[in-house]
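There are 2 protein chains.
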Amino acid sequence: MGESPAIQDTYPDDVAHCYGCGRLNDLGHQIKTRLVRDGTRTEFIPEPFHTAIPGYTYGGLVASIIDCHSTGSAAIFSMQRDGKVVGSELSPRFVTARLEVDYLLPTPLSPVVLSGRLVEIKGRKVIVETDLSVDGTVTAKGLAVLVEIPQDRLGAGA
Amino acid sequence: MGESPAIQDTYPDDVAHCYGCGRLNDLGHQIKTRLVRDGTRTEFIPEPFHTAIPGYTYGGLVASIIDCHSTGSAAIFSMQRDGKVVGSELSPRFVTARLEVDYLLPTPLSPVVLSGRLVEIKGRKVIVETDLSVDGTVTAKGLAVLVEIPQDRLGAGA
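Residue numbers (the working numbering), protein chains in the order written: chain D, 1 to 158; chain F, 1 to 158.
Treat the hints with care, since some could be wrong.
[Stated by the list, open to error] Result set (DSS-like, lysine-lysine): computed pairs, CA atoms no more than 30 Å apart in a straight line: (1) D:Lys125 x D:Lys32; (2) F:Lys84 x F:Lys32; (3) D:Lys125 x F:Lys141; (4) D:Lys122 x F:Lys141; (5) D:Lys141 x F:Lys125; (6) F:Lys32 x D:Lys141; (7) F:Lys122 x D:Lys141; (8) F:Lys141 x D:Lys141; (9) F:Lys32 x F:Lys141; (10) D:Lys84 x D:Lys122; (11) F:Lys141 x D:Lys32.
Because the hints were derived from the structure by calculation, they are not lab data.
With the rest of the complex left out, here is chain D (with noise of 0.2 Å):
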């Protein structure tokens, strides 16, 4: 059985210019998340610059990409609820609400994988809890509470 596909190789087009997630951002992180039997997914490679304090990734990417793999699994998940197949039609679009992170210990910079599980779905909101890990140590988790956008508010971008 293959691999699901990324939920931002399915972002309509005119949403897919995220610095974050976006597959047409060419100086973007280009994150990719899937469906994974648990949850979600999304494996990073921090660069050499991505320094904190020297050895460790800076807790603002640690930030952003939590930001984006939740943003990613909310649509992941509101297909699932919607009994849709990731990849085999367009995806929904999430903006995040709220973002916290619990920083519980220095991430080093390595690469790190997320792991995403739906925590509340109701409507238009997805609430997704992450962790976040390295050699399969958790360093960092993630709470994030996400709002679709409207499919009449997509189209109207660049």
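Following the hints, complete the assembly by docking chain F onto the known chain D.
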């Protein structure tokens, strides 16, 4: 009366490489946070590629600069508490334990101003509240819990 020095210009060299606020990170944002009459202030101009939905600043950058503005603000408030003058000696250095961001409105891709207020200071822990605004309109609010790196841990880095 001249402008107060930027706290980041007084970070010890070996903890001045943060992508968000390190003056020694040539590829980073190099934000500058200063003491003002009623708190702290950081100004930042997003790049055109720091986009979310077209025309707006991506939420990860908003979180990032609130984060680094808060660590700088914590250092300033800590020096004030201890009767020290910003710029007269090397700064203490804080890391983030918890960050909360409420995205109240989309943040236009325009110059932003961050205003920080001291909420609580107790020992090595400081809590800072931040308003992020564009043209006088607050688009995001941050609350950060910062912890000072012990002096004996400084000087061990690169």
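Structure-based check of each hint:
no. : hint                : verdict
1   : D:Lys125 x D:Lys32  : 21 Å, holds
2   : F:Lys84 x F:Lys32   : 19 Å, holds
3   : D:Lys125 x F:Lys141 : 20 Å, holds
4   : D:Lys122 x F:Lys141 : 24 Å, holds
5   : D:Lys141 x F:Lys125 : 20 Å, holds
6   : F:Lys32 x D:Lys141  : 28 Å, holds
7   : F:Lys122 x D:Lys141 : 24 Å, holds
8   : F:Lys141 x D:Lys141 : 20 Å, holds
9   : F:Lys32 x F:Lys141  : 19 Å, holds
10  : D:Lys84 x D:Lys122  : 16 Å, holds
11  : F:Lys141 x D:Lys32  : 28 Å, holds
The structure fails none of the hints (numbered hints given earlier).
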